[in-house]
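Starting from the two chains in their separate frames, assemble the complex, guided by the hints.
So the protein lines, in turn, are chains A and B.
All letters in the first sequence, in the order written, are residues 55 to 704 by our numbering.
All letters in the second sequence, in the order written, are residues 2 to 318 by our numbering.
It should be emphasised that the hints constitute simulated quantities derived from the structure, not laboratory data.
Every residue gets a Cβ at the ideal spot worked out from N, C-alpha and C, and that includes glycine.
A portion of the hints provided could be inaccurate.
[Unchecked claim] According to the in silico footprint, chain B covers these stretches of chain A (three or more CB under 8 Å from chain B):
{"#": "1", "region": "96-106"}
{"#": "2", "region": "329-340"}
{"#": "3", "region": "617-625"}
[Claimed, not checked] Pairs of lysine to any residue, SDA-like flavour, derived with a Cα cap of 20 Å:
{"#": "4", "chain 1": "B", "residue 1": "Lys-294", "chain 2": "A", "residue 2": "Val-428"}
{"#": "5", "chain 1": "B", "residue 1": "Lys-25", "chain 2": "A", "residue 2": "Tyr-409"}
{"#": "6", "chain 1": "B", "residue 1": "Lys-102", "chain 2": "A", "residue 2": "Glu-664"}
{"#": "7", "chain 1": "B", "residue 1": "Lys-186", "chain 2": "A", "residue 2": "Pro-458"}
{"#": "8", "chain 1": "B", "residue 1": "Lys-205", "chain 2": "A", "residue 2": "Gly-442"}
{"#": "9", "chain 1": "B", "residue 1": "Lys-208", "chain 2": "A", "residue 2": "Thr-444"}
{"#": "10", "chain 1": "B", "residue 1": "Lys-25", "chain 2": "A", "residue 2": "Asp-147"}
{"#": "11", "chain 1": "B", "residue 1": "Lys-72", "chain 2": "A", "residue 2": "Ser-145"}
{"#": "12", "chain 1": "B", "residue 1": "Lys-160", "chain 2": "A", "residue 2": "Gly-454"}
{"#": "13", "chain 1": "B", "residue 1": "Lys-205", "chain 2": "B", "residue 2": "Lys-186"}
{"#": "14", "chain 1": "B", "residue 1": "Lys-73", "chain 2": "A", "residue 2": "Phe-251"}
{"#": "15", "chain 1": "A", "residue 1": "Lys-303", "chain 2": "A", "residue 2": "Glu-285"}
{"#": "16", "chain 1": "B", "residue 1": "Lys-205", "chain 2": "A", "residue 2": "Ile-436"}
{"#": "17", "chain 1": "B", "residue 1": "Lys-160", "chain 2": "A", "residue 2": "Ile-436"}
{"#": "18", "chain 1": "B", "residue 1": "Lys-69", "chain 2": "B", "residue 2": "Lys-260"}
{"#": "19", "chain 1": "B", "residue 1": "Lys-260", "chain 2": "B", "residue 2": "Thr-107"}
{"#": "20", "chain 1": "B", "residue 1": "Lys-153", "chain 2": "A", "residue 2": "Thr-599"}
{"#": "21", "chain 1": "B", "residue 1": "Lys-160", "chain 2": "A", "residue 2": "Gly-99"}
{"#": "22", "chain 1": "B", "residue 1": "Lys-294", "chain 2": "A", "residue 2": "Asp-431"}
{"#": "23", "chain 1": "B", "residue 1": "Lys-72", "chain 2": "A", "residue 2": "Leu-250"}
{"#": "24", "chain 1": "B", "residue 1": "Lys-186", "chain 2": "A", "residue 2": "Gly-98"}
{"#": "25", "chain 1": "B", "residue 1": "Lys-207", "chain 2": "B", "residue 2": "Pro-137"}
{"#": "26", "chain 1": "B", "residue 1": "Lys-104", "chain 2": "A", "residue 2": "Glu-285"}
{"#": "27", "chain 1": "B", "residue 1": "Lys-25", "chain 2": "A", "residue 2": "Gln-418"}
{"#": "28", "chain 1": "B", "residue 1": "Lys-103", "chain 2": "A", "residue 2": "Leu-109"}
{"#": "29", "chain 1": "A", "residue 1": "Lys-173", "chain 2": "A", "residue 2": "Phe-146"}
{"#": "30", "chain 1": "B", "residue 1": "Lys-102", "chain 2": "A", "residue 2": "Leu-250"}
{"#": "31", "chain 1": "B", "residue 1": "Lys-104", "chain 2": "A", "residue 2": "Gly-98"}
{"#": "32", "chain 1": "B", "residue 1": "Lys-179", "chain 2": "A", "residue 2": "Tyr-409"}
{"#": "33", "chain 1": "B", "residue 1": "Lys-207", "chain 2": "A", "residue 2": "Thr-444"}
{"#": "34", "chain 1": "B", "residue 1": "Lys-153", "chain 2": "A", "residue 2": "Val-451"}
{"#": "35", "chain 1": "B", "residue 1": "Lys-207", "chain 2": "A", "residue 2": "Tyr-445"}
{"#": "36", "chain 1": "B", "residue 1": "Lys-25", "chain 2": "A", "residue 2": "Pro-416"}
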Amino acid sequence: MAAITSDVDVEIRRPRRSVLVGILLVVWLAAYFVLRGIDTLVLGGQETTAPHRWLTEHRDDVGRGNAVFDAIRVGVEHFAVLLQNLISQPSFDRPVPVIGWLGVVAISAYCAWAFGNWKVAVLTAAGLGFVGLQGLWQESMDTLALTIAAVLLSLLIAIPLGIWAGLSNRAFRVATLVLDLMQTLPTFVYLAPLTLFFAIGPAAATIATVIYAAPPAVRLTAHAIRSVPPESVEAARSMGSTSGQTLTKVLLPLSRSTVVVGINQTIMAALSMVTVAALIDAPGLGQTVLKALQTLDVGVAFNAGLAIVVLAIVLDRVTTAAGDRPWRTANRRRRLLLAAGAVGVLVAVWFSRTYVWAAEFPSQVGIGSWIAAVASDVTTWIQDVFGGFTYGVRDAVTNGLLNPLEALLTGSPWWLVTVVVVALAAVLGGWRGAVPAAVCCGLLVATGVWHDSMVTLASTLLATVVVVAVGLVLGVWAGRNRRIDTWIRPVLDAGQTMPPFVYLVPFLALFGTSRFTAIAAAVVFAVPVTTKIVADGIRAVPLATVEAANSVGSSAWQVISKVQLPVARRAITLAVNQGLIYVLSMVVVGGLVGAGALGYDVAAGFAQSELYGKGLAAGLAIVLLGVLLDRVTQAAARRTQNFDGRGDKR
Amino acid sequence: MKRLRYAGVLTAVALALSGCGGAKVGEDKPVAGGKDCGTFNLTVSPWVGYEANAAVVAYVATKDLGCKVVKKNLKEEIAWQGFSTGEVDVNLENWGHEDLKKKYITDDKVAVEAGSTGVKGVIGWYVPPWMASKYPDITQWKSLNKYAALFKTSESGGKGQLLDGDPSYVTNDEALVKNLSLNYKVVQSGSETALIQAFRDAEKNKKPLLAYFYEPQWFFNEVKLVKVNLPAYKAGCDTDPAKVACDYPPYDLDKIVSKKFADSGSPAYDLVKNFRWTNEDQNAVARMIAVDKLTPDQAAEKWITQNQSKVDAWLGK
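Bound conformation, chain B alone (with noise of 0.2 Å):
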């Protein structure tokens, strides 16, 4: 007992004395940032498309412009909230959501709109790529039909299975199969990260599926995934919901920032404004996010070294 108790004090000495050892904290003090760019709050929407818009604009306003950036995660509809609880200043991905714009720009005058990311985003039917090789016409809405039983499972009621998506997108899928008469039913999958598994376990196990899906998106790295073409769209096909008959119109992917924020004079409004890339920049800094496992920081510093000349493009340099 009492030899435990020795050692027992030996321990803790020897362990004090070579704790004494290590360097103390606050000896290397971060260098303070610069003044004039003050702090902004970014929402980062949970997707990685948008977590690379995120990453290179936090970025560059944090090492070219010394701003502070303060990154919230949340769901769109309640970053647009923020913007009229003055806790979110900036969305750099926004998928349309005209009613959201005409509440919070329009009406309530707490938000404005920055401008087009150059994004471009796709909505529409997919089929895993092993299918499109071999059912080649299975990419025609019209040869949809003769393939429906295929499609069939235990949710869909003896019909073909179209996959509809995460409840964050509003779909016209249901009366697109009525008015196409299709011999099929939309079966909610619930969520992305069900819909990706639903492809990835088709692609792997050569399962049929026809699901409803969008571009940009990281899963394309991994998965090619065919568009089924339906009857093209033409400006105001889709007016009537009840009606649609028609595909869903392109997107094009825009910035929406607080009316404060606008107004500051910051510099970072003015990063904000002027950013502009492609899916293609968007894929290759999602990619490395998303496959190789890089931080946002580190893969927005990789993109950055590669592409100088349009961050400075967007700096008014």
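Next up, chain A with everything else stripped away, as it sits in the complex (with noise of 0.2 Å):
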């Protein structure tokens, strides 16, 4: 957070400002060494304390033969099994699904070709072939099945609460609040006692997906709500319209390629909950990534993360070309082609649950063990070559950075760090970022895990200033530039989508098991979200805006430091929001290999039933942590932005 205010406001940030945060930090650093190993609060590994011990006890309480809960789990299971019968799985007394391979190509070109273009429609073709190549036809279509039932669902809550945030203020300062919670508690909390609720299962598996991957929506159309110029807002009011009207008329046409950005980001969330669900027996590509890491088969593994990756593309390219598409524009000569296109998807269903070559993919050709081969020699090869030096990388990282910034965090008092912060955040954002400071502080040490939380805490702020530092660069590049976006979108499609453990794997034999392997893969996880949202922001300031500057003569660098960082403030704010929430939503998996602290906590609660109350203790942690920094930052910049006007009329 530190590199995106300095980035941005270094000119109209007032001296005064920096001089307070310097001598705090100076005062704080003189009291820790006088003060440390004073009430740091340390809990051990297994310990626990009274508040856990009496949230395992009434783990089962919630819950349990709730009528409510009841018709949740038919309607949805209901759903998501019909998806499956309908692609995936034998259904109906017949051998195979109701359509066959041939048939979710041809349905799946047409309907890309139809709300899209041409070139997505092959891309999709091309797409699914390659999966089934591969040799997971079925368990790519439960994931696909599994995927299409969340997105909607996840659709279906988010655009009306979206709107509703974007028009209220009220609505949406509940929401930004009930959102961090949704994307910060880790899905371990709630898997277990997911499946209480709602039993072992696609349906237990897809509303686990929905919290993970509704708030993304939510929060985008909210944002591009309310990015809409005032001007053409007042401009609809003046002629007369309803308030209904001017929602359907000005406010969603002129937010819709921001909705899509949001609509993307469901997805990507939603296929990135895969491996995660297979935990609770989700169908899909999720099983075989985990039987293949049991054995550490790093090649099946990579192949079946490969696959996500590839779903992943073919959805996302598809919605925005659909999102790019204007409305309403089909001539008689498109009508008449899209027509006949019908009439050759009806047959090629037809085909596909008539004769068995067009129902089961083929599994003569299968390139999906060749993958596998060159995945294992490739990591094989890096973890040879790049061995001893990643290890100098890793040490040095961590005893110059993480370590002192650890040690100051953990070494000090509770009390000490809490006044710290809270002052720190008076400074930097007002009464607006100190009271939340207070609030979570204090609720912090009520959980018990203060300790492991300051641990957590110090490699979070590591990682997500390389993260918005890593994000900007990118999403400013990427903005600028057409060719560049296209090139750099698959490669950050697979950071979001490939299953953690794929990568982490040869990241453990690189770097060990450590809390500087955690901070690499929370960063490949967060910096696509980052960078998306950036390159939208500065893509989405006016042409006119740029052009203006250009012909006075700036340069490349002035134009993007004066007139594109500046005007996408707001999307930039955003950016750093979710990639900080993309870090926390991380920390989990950080603990399995070897961050320790929350993540580990929340893991052993999830495995272990004594550890449960500790674990959900951790996970109501991470979920404060990521409370705090969001309120300070937010806070932060709505104060420069506030400089920012002032400046501007003098």
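This is how it looks when you write it as structure tokens:
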């Protein structure tokens, strides 16, 4: 965060603030050397507090045999199973699904063409054919069925909520809080209880995915509606539009491209849950990944991970193309072609219901084992070549940055850290920063895992700074240049949807089990979302503004720093916020590769019943860290914006 | 343009004609299985040894008894929950879990024990084989302090690193380090994957590593890890978790089934109850799955043809 604020408003910040921050840090350091080791609230791995034990005992109280939950479960389950019967599972007394592979490819390509354009239709057909050739057709269709179910349910909830939060300030504030909770509360915390309410199987898996995947769509819809220039709304009002007309005729059309970014993010988030959902027996590619990793078979895991990435790219490109397509422009010729295509699709579906070759993907030509072999060879090669060097990097970063930061946070008494954090928040964000900071610190102490929280905070801060720096650079680059955008997008999609464990195994080989490995994983996961939102924001800067700056002879750097970044400030704030939240949502994965602290507590709470309460408390602590950092950065951003406005008048 | 269109039509017709030659869906109907056994839900915990148990039992139940076995891939804790919601009938390898036994067997009465699997579980501290041959006395806990400097890492704060494991396993390691006054720090690796990767790297690149591990485990087929001898386990020496100063107890891995399944009179219940083999048997099947990359069914079939007498005993033949 420090990086973002200093990057954007280095010119406009009053010197007094930075001086105050500096003084605070020096005082903290001095106090640390005097007071270190007092009141650090350390709690051992297997130790618990009374509230933790209480939570463990009352775990099963919520939602047992509740009629509402049962109704939701039955509804969601029927929907998910219906989709599975359609495309993946043998159904209705037939040894194959209702629609075989040929039919699925034809329908998907046709939809891509009808809603998007012929390019994405070709991409769709190629992508689906590729996963079939990988030997993963049925697994991919299971994953696709659950993803479609989860994404449709998410959007059904998220778009109306997003519009509401876009129109009402109060709804916006409440929504932000709830969304922070949904996105940062580790899935592991609610996965086991979810199976109690919603039973083991597709329903619980779908609902877990909805909880994680809906927030980006709400957030970006609200952001899009709020970013519509007030002049447009005023113009519509002055011409006598009702609020309903303003919404459908002005607000929604103008915010469509950002809403589509939100839908994309929801799809990505849903696909990134595939492996986690497999822990509660969700069928599909996640199972393949988990099974392969039990024997550390990186090749097979990569093959399945690649299929997830391919599905993600196809879905992303089709939705983007659908978002870019102007509405209601089909001319007569296109309508004729569409009708002819529909007949072709029906023929393909009939084939896929009648003949075995069109129903079950032919297994003679498999490139899956070849991909797996190449992936393992490449992994081994990287490990052998870079092995020694990477340990050096790890030790340098850990000893130079991470350990001092962590020592400062964990070694200081909890009340000292609280005072410093609240004071910093007050200086940077006024009372809007200070009040949430005080509340969050107090609640962190109450969770009983203060010490672990500080360890996690140190890693999170470091990871977020790296994410924001990398995301800004890539995002500005991609936002200014369409071609770059086309090239780095597949890489970003891969970073977001490749199941972390696939690349964590090589990371483990390169960096060992350590906090550094966890930071690296979080960076890989969080950079894509930051980059995408920054790029979207830069692209939304009106062309005329950029042209004007160019015409007075500004250099590229001046255009970026004086025009594009300030104008896209709102998008950048959102990008920082999302980067931070994605880093926090990887804390648990980090705990699985040696980060310890909160991530490990959550994982252990999921696995050992007597630690459930502590795991839940640690999960809440992660949320509190998220709310704390989010509120302080938001308040700080608002302040600098105010300074900016005043500066303009002068 | 026109020619292109013709070509398209021709290709479509050709495709249609060639397509019509293929086999039709539903021509070879699978033979229906026996009726008296019915269906049971088998949880499959996420480790290969368990998968070996599940493979063999499911194969025998399907082929010899005509049951329908529904395998569900679940973490242990969730599988236990499944006994109460009726979604899990059989757990074929349970590691201790006295607290869960109390909750689901004694208190809620939704599950019952179905005897030992015959497999013995061992938990302890291990070093890679190269260390055991280079420093022969390292396998005695008393010499661990002498070698502490070897095990230093960026995570261990100047002490030796004792790498702990999978969050699924209860450990006494923090207490052990303290009570045996060892100059070590417990570092949580956080997953079995991380542990195995660490051992693999340690053996290959001759790096020092001391870590918590367990047998039976398929990884022993690849690297024969050496156990460090802690003060011997005596019954009751681990009652107070804070004062533990002895090795982990040997585990008798057992089977748990749902009450409903036990009372159903299904022949599959007798099979599960009689199922009993050895660490060597399990390792053999686990190796076929993990190293030779056979599917569970292929591995089970291969093992059964070589060990028909054992299977006959489970079936009461």
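Hint-by-hint comparison with the structure:
With a cut-off of 8 Å between beta carbons, the region 96-106 of chain A has 3 residues touching chain B; three or more are needed, and the interface restraint holds. Counting residues of the region 329-340 of chain A whose C-beta lies closer than 8 Å to any C-beta of chain B gives 4; at least three are required, and the coverage claim holds. Chain B is given as covering the region 617-625 of chain A, and this is violated because 0 residues of the stretch bring a CB closer than 8 Å to a CB of that chain, at least three being needed. Between Lys-294/B and Val-428/A the CA atoms are separated by roughly 17 Å; this keeps the pair inside 20 Å, and the hint holds.
Distance restraint check for Lys-25/B and Tyr-409/A: the Cα-Cα separation of roughly 4 Å lies within the 20 Å cut-off, and the hinted pair is therefore satisfied. Between Lys-102/B and Glu-664/A the alpha-carbon distance is near 12 Å, which keeps this suggested pair within the 20 Å criterion. With a C-alpha separation of about 18 Å, the suggested pair Lys-186/B and Pro-458/A falls inside the 20 Å cut-off, and the hint holds. Annotation: proposed proximity of Lys-205/B to Gly-442/A holds, straight-line Cα distance about 13 Å (limit 20 Å).
Taken as a hint, the Lys-208/B and Thr-444/A pair is honoured in the structure, with Cα atoms around 15 Å apart against an allowance of 20 Å. A C-alpha spacing of about 15 Å is found between Lys-25/B and Asp-147/A, which places the hinted pair at or below 20 Å, so the restraint holds. For the given pair, Lys-72/B sits about 18 Å from Ser-145/A by alpha-carbon distance, which is consistent with the 20 Å threshold. Distance check on the hinted pair: Lys-160/B and Gly-454/A sit about 18 Å apart at the alpha-carbon level, within 20 Å; holds.
Between Lys-205/B and Lys-186/B the CA atoms are separated by roughly 24 Å; this puts the pair beyond 20 Å, and the hint is violated. Only pairs whose Cα atoms come within 20 Å are accepted, and Lys-73/B paired with Phe-251/A is accepted, the gap being roughly 18 Å. Using a Cα cut-off of 20 Å, the hinted pair Lys-303/A and Glu-285/A holds, with the two alpha carbons roughly 14 Å apart. Under the criterion of a C-alpha separation no larger than 20 Å, the hint pairing Lys-205/B with Ile-436/A is consistent with the structure, at around 15 Å.
With a C-alpha separation of about 30 Å, the suggested pairing of Lys-160/B with Ile-436/A is violated against the 20 Å cut-off. A C-alpha spacing of about 19 Å is found between Lys-69/B and Lys-260/B, which places the hinted pair at or below 20 Å, so the restraint holds. A threshold of 20 Å between alpha carbons decides the hint, and for Lys-260/B with Thr-107/B the separation of about 12 Å falls inside it, so the pair holds. Between the alpha carbons of Lys-153/B and Thr-599/A the distance comes to roughly 57 Å, so the proposed pair goes past 20 Å and is violated.
For the hint linking Lys-160/B to Gly-99/A, the alpha-carbon distance of about 18 Å falls within 20 Å, and the restraint holds. This hinted pair checks out: Lys-294/B and Asp-431/A have alpha carbons roughly 17 Å apart, not beyond 20 Å. For a cut-off of 20 Å, the pair hint linking Lys-72/B to Leu-250/A stands: about 19 Å separates their Cα positions. Only pairs whose Cα atoms come within 20 Å are accepted, and Lys-186/B paired with Gly-98/A is accepted, the gap being roughly 12 Å.
Restraint check for Lys-207/B and Pro-137/B: satisfied, since their Cα atoms lie roughly 15 Å apart, inside the 20 Å limit. Restraint check for Lys-104/B and Glu-285/A: not satisfied, since their Cα atoms lie roughly 64 Å apart, outside the 20 Å limit. Under the criterion of a C-alpha separation no larger than 20 Å, the hint pairing Lys-25/B with Gln-418/A is consistent with the structure, at around 18 Å. Only pairs whose Cα atoms come within 20 Å are accepted, and Lys-103/B paired with Leu-109/A is accepted, the gap being roughly 18 Å.
For the hint linking Lys-173/A to Phe-146/A, the alpha-carbon distance of about 35 Å lies beyond 20 Å, and the restraint is violated. The straight-line distance between the Cα atoms of Lys-102/B and Leu-250/A is roughly 18 Å, inside the 20 Å bound, and the hint therefore holds. Straight-line distance between C-alpha atoms of Lys-104/B and Gly-98/A comes to about 25 Å, which puts the hinted pair past the 20 Å bound. A hinted pair counts as satisfied when its Cα atoms are at most 20 Å apart, and Lys-179/B with Tyr-409/A does not qualify at roughly 68 Å.
Taking the CA atoms of Lys-207/B and Thr-444/A, the gap is near 17 Å; set against the 20 Å cutoff, the hint holds. Distance hint between Lys-153/B and Val-451/A is fulfilled; the C-alpha atoms sit about 17 Å from each other, no more than 20 Å. Among the hinted pairs, Lys-207/B with Tyr-445/A is consistent with the structure: their alpha-carbon atoms are about 15 Å apart, no more than 20 Å. With a C-alpha separation of about 14 Å, the suggested pair Lys-25/B and Pro-416/A falls inside the 20 Å cut-off, and the hint holds.
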